[in-house]
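Fit chain C to the known structure of chain G by using the hints.
Each chain, written out:
2 protein chains.
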Amino acid sequence: MTTREMLTEANKVKAQVAALTPEEKNAALFAMADCLVGCTDAILAANAQDLAAAKDSVSEVMADRLRLDKKRIEGMAEGMRQVAALPDPVGRRLESITRPNGLKITKVSVPLGVVAIIYESRPNVTSDAAALCLKSGNVCVLRIGREAYRSASAIVEAMRAGLQKCGLDRRLVNLAEDTTRQSSADIMAATGLVDLLIPRGGKGLIDACVRNAKVPCIQTGTGICHVYVDAAADIGMALDIAENAKCSRPSVCNAMEVCLVNSAVAQDFLPELWRRLVAERAASPVLFKLDERAFAILGGRENCVPAGEGDFDREFLDYVMAVKVVDSVREAIGHIAVHSTGHSDCIITEDAAAADRFVNAVDSAAVYVNASTRFTDGGEFGLGCEMGISTQKLHARGPMGLNELTSYKYVVRGEGQIR
Amino acid sequence: MTTREMLTEANKVKAQVAALTPEEKNAALFAMADCLVGCTDAILAANAQDLAAAKDSVSEVMADRLRLDKKRIEGMAEGMRQVAALPDPVGRRLESITRPNGLKITKVSVPLGVVAIIYESRPNVTSDAAALCLKSGNVCVLRIGREAYRSASAIVEAMRAGLQKCGLDRRLVNLAEDTTRQSSADIMAATGLVDLLIPRGGKGLIDACVRNAKVPCIQTGTGICHVYVDAAADIGMALDIAENAKCSRPSVCNAMEVCLVNSAVAQDFLPELWRRLVAERAASPVLFKLDERAFAILGGRENCVPAGEGDFDREFLDYVMAVKVVDSVREAIGHIAVHSTGHSDCIITEDAAAADRFVNAVDSAAVYVNASTRFTDGGEFGLGCEMGISTQKLHARGPMGLNELTSYKYVVRGEGQIR
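Chains as they are written, first to last, in the working numbering: chain G, 865 to 1283; chain C, 865 to 1283.
Be a bit skeptical, because a hint or two may be false.
No distinction is drawn between identical chains; accordingly, a pair holds when it is met within one copy or between any pair of copies.
Straight line, CA to CA, 30 Å or less: simulated DSS-like cross-link-like pairs of lysine-lysine [to be verified]:
{"hint": "1", "residue 1": "K1067", "residue 2": "K1078"}
{"hint": "2", "residue 1": "K876", "residue 2": "K971"}
{"hint": "3", "residue 1": "K1067", "residue 2": "K971"}
{"hint": "4", "residue 1": "K1067", "residue 2": "K876"}
It should be emphasised that the hints constitute simulated quantities derived from the structure, not laboratory data.
Chain G on its own, in the form it takes in the complex (with noise of 0.2 Å):
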């Protein structure tokens, strides 16, 4: 079936999927991840085919990404229970008013419909995408690299078996077949046949869905973080956050890209990180990439290189951090301004003054104060689960929840009202 086949074949059982009772999609919910541990052995047989082509291309951390085992597969299923116990994000009176002319208007959250995702070499996104678009009444059109299509071919045919046991139509959840970069180009060129798309991947993914998009499309997670060291800071807690920060994992895009460090305390403070973040941490020490001011402070220890070009403007998703010391908030702010992405940044100190202006000021989906840039996180953030983040100002900002998957309607009662 050609890309452009499937999405006249979604968008047919919108209405479908719309209309399903809160009951009946948590028991196909239910019904899709038994039959995803049902089929087990089906989906490890992929995943080894998929593994087994890959070898040779692909990067190890990319091959972990890509291997499925038993207990993943289990952990798939367990996530779908979880969003079908969340509550249901259609139907709800968002508002109600009555009018002086005896209009009763009723704003009620409904399904967009169509929700595509054009993702990586990730098989469990597959469930997860799944799982949340049919708890939100929507049709999902999943679109997943080469290196992995067959094990999302796998766990599609397993929620599909699951869909068929609760008398669903299969066309609740599709994949791609043609794994070309041309089932991207007729996603994103799909006006009408699609209501939204989420990239979930590396920025050149992202930036791709945004740059050649003609259907609706969130941008989402490009990160670069910053953590401000206030001159008021605790240092002991600035400490601790900028190594959760940075180092509790590295290569999500909610980590600590960029250090700022109010000069009042980089003398006392950068001496400090470095112990923890170098000295203190032999197996994967963090690599500082230095601006003039805080080179002058640690330039000559281990792992300190002068920042290159474009270093504060870099998603490094690594053990890789740049440094760079400042005279103000302000000038904190005014550099968040210019090189954030808008995702996550923190201050840390203990001057409310201080925290309330950069709260204020920074433009970004999460602002913190005083605590880790890694909390910016759906289930973190009480939403139970999370379909990306986004880091634009339409729709969604942030971790986007079911909620985020449901758009809504006016519906206008009278008795005969003309205008």
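Then chain C, alone, in the frame of chain G:
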């Protein structure tokens, strides 16, 4: 100044306007309104030039849209004062939660940043859009059609005088000097410099924006609105609503374009409808474009012709209406699913089950039961104002008021929490 330069300048004052207090914004709106009235002579002189230049090239309808007079300018100023009186949309606490780990997360409404409006020849949109943008903390970038440029320029200069009286930057309100297609193209392509693009005008303009914009864009306006007269309709009410929806202002997007009539009542209803919309409206009778079954009932009467190809997919914006006989609510819903632009669709019925079925199944911004589609309007919905009517599902749907010109951010306050 090139359009690109204007956009760059506009971005420099984003932080300034975002930081204004509600009182500062309202004072500016009042000062701008006063300056608008104070500059009446200059604005009328510019408008006279526009009218003279357009004399040979525009229709009388278009000239009427373009024409300003003392009263219209006073109306524009009054509109700005009314916007000042509305609740401030920025800084609303949309959600507040305390997580088990003690993190306090607040979701707060914030301005979008730079909002661009591309519009055609209505000079009054200039002050309207500027007021809504300022009130919502956004910098506004306007691009008007060539034939109204002098008028818009005089209006912008008057508003800028008001800004300057309040010590604010002129660049809070901007008008593209280039009135060729290039300026629209530049705005659509200005990724990173435009946070939201709203096209206001005809289908050609809107389609061009949706197709070409690389910046976030909201699809507005086109309305192929349906009124379905059910088997259980109150026929008197149906006649009143159909007449109002078609004839009260046929040039607007919330006017009815298609009347669907249940076959159980068609034989009685259609001749009555014809009497109200043709026989009793000598000055501006409606042209009926009839499907085969409707033509079998009304054929031969004055102003009744068979519907041609595409007539059920056309926004007539005139005293013209397509009419189709259907056999059930289900068939009406099916027709609307295929032909509606998702703006406003209505059922006339006394049958609560039919009403519910229609409301649940019709996927439009506004779904009506027993009221005219003409109510789809920011003012009529109680929003106090309107920046256009969105027919897309992302971000905003239906009438866009001040809240729809904002985004949000998460403010996360901790005491050193790490993950």
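Measure nothing new, just compare the shortest in-copy and cross-copy C-alpha distances for K1067 and K971 to 30 Å and report within, between, both or neither.
Between copies only: 27 Å across chains, 36 Å inside a chain, cut-off 30 Å.
As a check of your reading, is K1067 near K1078 (CA-CA no more than 30 Å) within one copy, between copies, both or neither?
both (19 Å within a copy, 17 Å between copies)
Intra- versus inter-copy proximity for K876 and K1067 (alpha-carbon distance at most 30 Å):
between (33 Å within a copy, 26 Å between copies)
Is it within a copy, between copies, both, or neither that the alpha carbon of K876 lies no farther than 30 Å from that of K971?
within (25 Å within a copy, 36 Å between copies)
Taken one by one, the earlier hints all hold for this structure without exception.
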